[in-house]
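Chemist: Top line first, the protein sequences correspond to chains Y and F.
Residue numbering for the first sequence follows this note's numbering, starting at 1 and increasing by one per position.
Residue numbering for the second sequence follows this note's numbering, starting at 1001 and increasing by one per position.
Keep in mind that the hints were calculated from the coordinates and are not lab data.
Be careful, since some hints might not be right.
[As the list claims (entries may be wrong)] Computed footprint of chain Y on chain F, listed as stretches where at least three residues anywhere in the stretch have a Cβ under 8 angstroms from a Cβ of chain Y:
| id | stretch |
| --- | --- |
| 1 | 1004-1018 |
| 2 | 1025-1032 |
| 3 | 1052-1064 |
It should be emphasised that the depicted structure is a prediction, and the values quoted were computed from it without experimental measurement.
All C-beta atoms in this analysis are idealised placements derived from N, C-alpha and C, irrespective of residue type, glycine included.
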Amino acid sequence: MTKPVVIVGASMGGLRAAEALRRFGYAGPITAIGEEPYAPYNRPPLSKEVLAKEVSHEAVAFAQRPATEDVNWILGTRAVSADLEHHTVTDSTGQVHPYSALIIATGLRPKRLQVNNSELAGRHAVRTLDDAIALRAELVPGARVVILGAGFIGCEVAATARKLGCDVTVVAPGIHPIVRPLGVELAREIQRRHEAEGVRFKMKTSVSDLIGETKISAVLLDTGEELACDVFIEAIGSDTNTEWLDGTGLDLSDGVLTDNAMRAVKTNGNVTEDVFAIGDVARFANPLFDGVARRVEHWNIPTDTAKRVGQVLAAKLNEAENWPAVLDETFAPMPSFWSDQFEMHILAFGLLALADEVKLIHGEIEGDCVFGYYRDSKMIGVCGIGLRSTVQGYRAQVGTQS
Amino acid sequence: MTIKIDVDMSKCQHYGQCVFEAPNIFRLNNDDKLEYVAEADDSERANVEAAIDVCPMQAIFIVEK
Chain Y
1 MTKPVVIVGA SMGGLRAAEA LRRFGYAGPI TAIGEEPYAP YNRPPLSKEV
51 LAKEVSHEAV AFAQRPATED VNWILGTRAV SADLEHHTVT DSTGQVHPYS
101 ALIIATGLRP KRLQVNNSEL AGRHAVRTLD DAIALRAELV PGARVVILGA
151 GFIGCEVAAT ARKLGCDVTV VAPGIHPIVR PLGVELAREI QRRHEAEGVR
201 FKMKTSVSDL IGETKISAVL LDTGEELACD VFIEAIGSDT NTEWLDGTGL
251 DLSDGVLTDN AMRAVKTNGN VTEDVFAIGD VARFANPLFD GVARRVEHWN
301 IPTDTAKRVG QVLAAKLNEA ENWPAVLDET FAPMPSFWSD QFEMHILAFG
351 LLALADEVKL IHGEIEGDCV FGYYRDSKMI GVCGIGLRST VQGYRAQVGT
401 QS
Chain F
1001 MTIKIDVDMS KCQHYGQCVF EAPNIFRLNN DDKLEYVAEA DDSERANVEA
1051 AIDVCPMQAI FIVEK
């Protein structure tokens, strides 16, 4: 019997990988193992539209295509180990899955605050559908919401909670929200607009303790200040889900290191032939920018890396004549993301955090505006509030290849 | 052969991610609102499928006749 391609991770990346394998002509068996009980669904609305409305799997489930109807989805089941020598994955029920190729798509999980009283009720994160369902139930008008972390997720949830009538305070160690990728000028303006909508910020501090009996009633800041709190949301970044790969020899120093064909690389530098990584968990160099391998947690990366794997792996498994040519193609996906916060529609391309210079290039900071991000005078990113067509017009200029 | 394209405008948030996957079908107009061609040659199918994949709101559909 033909061994299946085994995809570990049944979110967008896993689904797109299965679809891409079919599209590039692989007709053999595919097994996808996912820890969550749900078929693949769309995560971005969980901090925005969906959180403001009724949260259900139906509202966010991806449409399934006929080509992937025969994929064997094993949901509610976690992969616990992989044996690269014998080409198997073992899941949490003890079942062993032999594979012809392994696609790692296990993504991220939210980092959680390490404090005393960590078992108190009222703590939330925003990553999964179940997270959003639990949080939605508590975002009632007048609820005192404290959000730790002022990145994109923290700011989106702040805006959504505020629109739902909650009393919202954002606590974060930085000087302004989202300052690391966006730069001081734009970040300061985003803070101003949030404040104009009634969101409070406690910047340059963090939460040192949670206070309450069984449920959180307040949080204690590093400054000694105590904030009354009914709902505590932790949006302090993510950890990679790679523990199940410990001992495999793969380079897991930050996610899974891959080459330009998304083939996993071992700590000894050897490139594996039949193990791939995609999406948030994959760390790869993007020739659009430089030779430094990075994980990129942007919207398009799971889809683009899944397509790359589909192309490479289908050619390999079908023993296609163009296999060497496929492998030699340059994979250089343009990072792309957006964020909605109150009336702000933020759209960006590139890797903004690499910039050594940020300039306003269109509009005015108090209104719709576009910023250019440059490294060594070359545009490596563009970001706007509003003016989407203008932002899109700069996309082709982003990167060091052009 | 042609394909019919439908965008659920009650879902569409005009993010414009589709524009780069199927530039012959989708564009943002001067007001940054999505405009699209509702019927296209079958040769556009792969591009439209790619646009469906990247739509953050999953608002794009090919209407199978």
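Chemist: Determine for every hint whether it applies to the structure shown.
Modeler: To see whether the hints hold, each was checked on the structure:
With a threshold of 8 angstroms between beta carbons, the proposed coverage of the stretch 1004-1018 of chain F by chain Y holds, since 5 of its residues qualify and at least three are required. Closer than 8 angstroms: that is the beta-carbon criterion, and the stretch 1025-1032 of chain F has 4 residues meeting it against chain Y, so the requirement of 3 holds. Counting residues of the stretch 1052-1064 of chain F whose beta carbon lies closer than 8 angstroms to any beta carbon of chain Y gives 7, which meets the minimum of three for the stated coverage.
When the structure is compared with the earlier hints, no violation turns up for any of them.
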